[in-house]
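Asks: These are the residues of each chain, in order.
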Amino acid sequence: MPVIYMLWRFVNFSRSLSSFFQSWDVFGLLFNTIAVFIAVVISSLIVGLLISIVTVRFEFPGSKILFALCALPLVIPSYIGALTYISAFSPKGLFVQLFNSLGLEEIAGIDGFLGSWLVLTLFTYPYVQLICSSALRNLDSTVEDAARSLGVSQLKVYTNVVIPRLKKPIIYSGLLVGLYVISDFGAVSLMRYSTVTKAIYAYYEFSILGDPVIFYSSLLIVLALIISFVQRGSATSRSAKVSGTPRVTKKIKLERSGKMLTYSFLGFVIFLGLIIPISVLSFWLLRGIYYGNDVSSSLPGIFGSFSAAIVTSIFAIIISMPIVILISQYKSKFGDILEKLMLSLYGLPHIAVGVSILFISVKIFPSIYQSFFALVVSYLIVFLPQAIGGGQASMEQVKSTYIEASLGLGLSKVETFQKITFPLIYRGLFAGGALVFLSTMKELPQTLLLRPTEFNTMAVDVWSFASEALFTQAAFSAFILLAISAIPTYILSTRNLTV
Amino acid sequence: MLTTINSIQANKGIKLNKKFIALISVMLMVFAACASEGEQGAQGPAGEAGPAGPAGEVSQQAIDAAVEAALAEPEAEVGGTLVIYSGRKESLVADVIAAFEASSGVDVEVRYAKSAALAGTLELEGAISPADIFFSQDPVSLGVVAKAGLFDRLPADLLDNVPSWAVDRNGFWVGTSGRSRSLVVDTRDVTDAEMPSDIYGLADEKFRNRLGLAPTNSSFIAMIACMIESDGEEKVLEWLTAINGLGYTEYPKNSPQVAAADAGELDIGMINHYYTLRVVAENGDSPVKNVYLDGGCGAMVMPAGAGVLATSQNKPAALAFIEFLHSTSAQEHFTNTVYEFPLVAGITPNALLPEIDSLNSPSNLNWSALALWQEKAVELIAQAGF
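Chain order of the listed sequences is A and B.
For what it's worth, our numbering labels the leading residue of the first sequence as 765, then goes sequentially.
For what it's worth, our numbering labels the leading residue of the second sequence as 8, then goes sequentially.
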């Protein structure tokens, strides 16, 4: 519905398109968006896959804790990450102050494309890591063992056998990252990198009624739909299933040099993705406490984030369950259409959905305008696919033979659902729900556009302080936001729930 | 083996099912609560929400309101809820609003955003707007709302509180404090001698990679609108393109420019005067200072102001709020805490402020005329590649 509405508005455009292209910098923005999209997807896939392979297939002391630490940047919203990098590595930021005594006076500073690329990679690769590692763990090793017994080298086993067989989770997680990048506006605007999302927000701030808001929102939706479409085309070749009980590969013990390499790689990633942001934030937080900042003003934001995230994730679980079953269990035309529909929901950039829900609520349903309900609906539109994804991944476990056996043993369809399907998928569903919870907590552009008057979230607090360069004030809400979201993420990554 | 697994997991499944049913019922209750809240919130007719009708209709409503007010007690108690759309930052006005709440007993809800964004939102909302007051940081955003016919005319005694340059010519809104465009400079890197006399002088090779600006800031757009009004589109686009070509640092707002200049990262930023004064007031040793240009739109002095929406459900409280903004305590807050120019006669400006009469602002600016240029200003900024 938001899509249809935007396209309808687009068609009813009040000025000619050619004049629009002349007077607004369309191609520059589009180019910037696509450039950062490609760069981040590639780098996130490399980092995430390397972490997955290293931690799942090799044995070394502390691999579990390192895996969890590597996954933790997931809880850091890109705008908080960008905030820490901007404040630390601006030309005369904290980094320069720290090494001032050594004669360092000014550095080039991290911003623009480079800054956006770095920050977005650091805070999205965990999606690849979580999804691919759980797929890797469940990968039947028969084919790999066969390849090894045929004398294929260790490296080639990965490039020719393992990674091609992980095609589905790789594309799935790469897409997740890509759409995150496309809909992100917090990091790119703090990094002063002009993308389409940044333009939408800028024009919203000029005047929501203007054509650019509609134009760029539609453009972004079309862009995202194209990406989803490409993804669907390449996902048709499902990974070949080998019959029988899946066999798990034995973990390979690492030698000394291998260990050194692994530790330095993981250590470097954790340093960039976790230690720098946390220590910079701690610095601002302590400075804020030292100067006696009032923290009680953050309480409404904490309450707002919590209520929004809880309500949205519960709704997401309830709504996604029947959809997951329809899609995976019963290969019907309707299920197919539903799956395609849900996949394209992925593509909907938050800010564009926010804009269209805003228009729809004002023009068609004024009774929900600026209501909590409208906000939750808009969250659900973009986050429902995460709940479905979680459920769907676990649904792959429910082999049709189980169902047939159960039905063959005389159980009814309802009983089969209760005894077989549900016990196997509820973990996946709740994992999906937890993801929705996390995402809702971190969500910024939709919240900015749609929040009820006097309703605040931590994300909004962090954003408004950070955009005024009031880092000490931003740090408190940012810290609480991290403290709360770290717990479900930790559960997610350690309990292997995305299976 | 399969049957064993089944029997083990069967119990679990049933237990979870119960939990699940409980969850569903909780969610249904929440849903119902949301829905009923929504119904109560309905204030206007569904469907197209155009502007609030021709000016005649608006003034009819204003007359009704005035009659109502006249019928009430002369010292009428105000109360109820007041919804303020504030384009002024929370950190600058929250104390004043809290003081109004305490003294009047009115329950105030504030929606903070950029002035231009709120003006656009008000236009979009039209008749269904929940807002009673639009409190804007710049006169152009107020002009946009006035032009859309969404304001009620204000009573003359309220308009007479402030000088005529800070009042809408049609009486739709009134100024509450004054601010000047200025340049913040880092005195370690910038000398007075190299500063130009007007804003066009900044498009000079010697300022390559030394300038900062906030292209989405409402006051910056107001300045561009002023430049279009006085110098014509072509010259403004030429200037914007030249500035872009020189290389500039983009900021989301004014205050980070002052912070950057203070940190030594920025030489010259285009801002409103009071951001610098706040930094100087906090730290007397700060190397930043304001440069006020000698004339033209770069030296523009403009009011922040407020108007009452025609669709307001609580006009007595709305008028009381604007009256409160003109009170001695609010005016002193604006000049001593925010470092703005007080507009009500008899209030002493803060010592850090320059004489308002010494600033060479373009005289006789017509704020409604500038509002007509707002959209064009945004377009030129985008066209120049910002």
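Just so you know, the hints here were simulated from the structure itself, not pulled from any lab data.
One or more of the hints may lead you astray.
Cβ-Cβ distance ranges computed for the label pairs, FRET-style [said to hold, decoys possible]:
(1) B:T88 / A:L1050: 32 to 42 Å
(2) A:F791 / B:D196: 45 to 55 Å
(3) A:Q861 / B:R176: 18 to 28 Å
(4) A:L868 / B:D196: 15 to 25 Å
(5) B:A358 / A:A872: 35 to 45 Å
(6) B:G291 / A:S1061: 26 to 36 Å
(7) B:E97 / A:I1255: 29 to 39 Å
(8) A:Y1054 / B:P361: 15 to 25 Å
(9) B:T88 / A:I829: 47 to 57 Å
(10) A:S1061 / B:A358: 25 to 35 Å
(11) B:S293 / A:Y1054: 18 to 28 Å
(12) B:K213 / A:L868: 43 to 53 Å
(13) A:F1070 / B:A101: 22 to 32 Å
The structure displayed is predicted, hence computed values, not measured ones.
All C-beta atoms in this analysis are idealised placements derived from N, C-alpha and C, irrespective of residue type, glycine included.
Asks: Hints first: check each against the structure and report whether it holds.
Replies: Now the hints, each set against the structure:
no., hint, in the structure
1, B:T88 / A:L1050: 32 to 42 Å, "40 Å, holds"
2, A:F791 / B:D196: 45 to 55 Å, "36 Å, violated"
3, A:Q861 / B:R176: 18 to 28 Å, "51 Å, violated"
4, A:L868 / B:D196: 15 to 25 Å, "19 Å, holds"
5, B:A358 / A:A872: 35 to 45 Å, "41 Å, holds"
6, B:G291 / A:S1061: 26 to 36 Å, "28 Å, holds"
7, B:E97 / A:I1255: 29 to 39 Å, "36 Å, holds"
8, A:Y1054 / B:P361: 15 to 25 Å, "35 Å, violated"
9, B:T88 / A:I829: 47 to 57 Å, "53 Å, holds"
10, A:S1061 / B:A358: 25 to 35 Å, "30 Å, holds"
11, B:S293 / A:Y1054: 18 to 28 Å, "20 Å, holds"
12, B:K213 / A:L868: 43 to 53 Å, "28 Å, violated"
13, A:F1070 / B:A101: 22 to 32 Å, "23 Å, holds"
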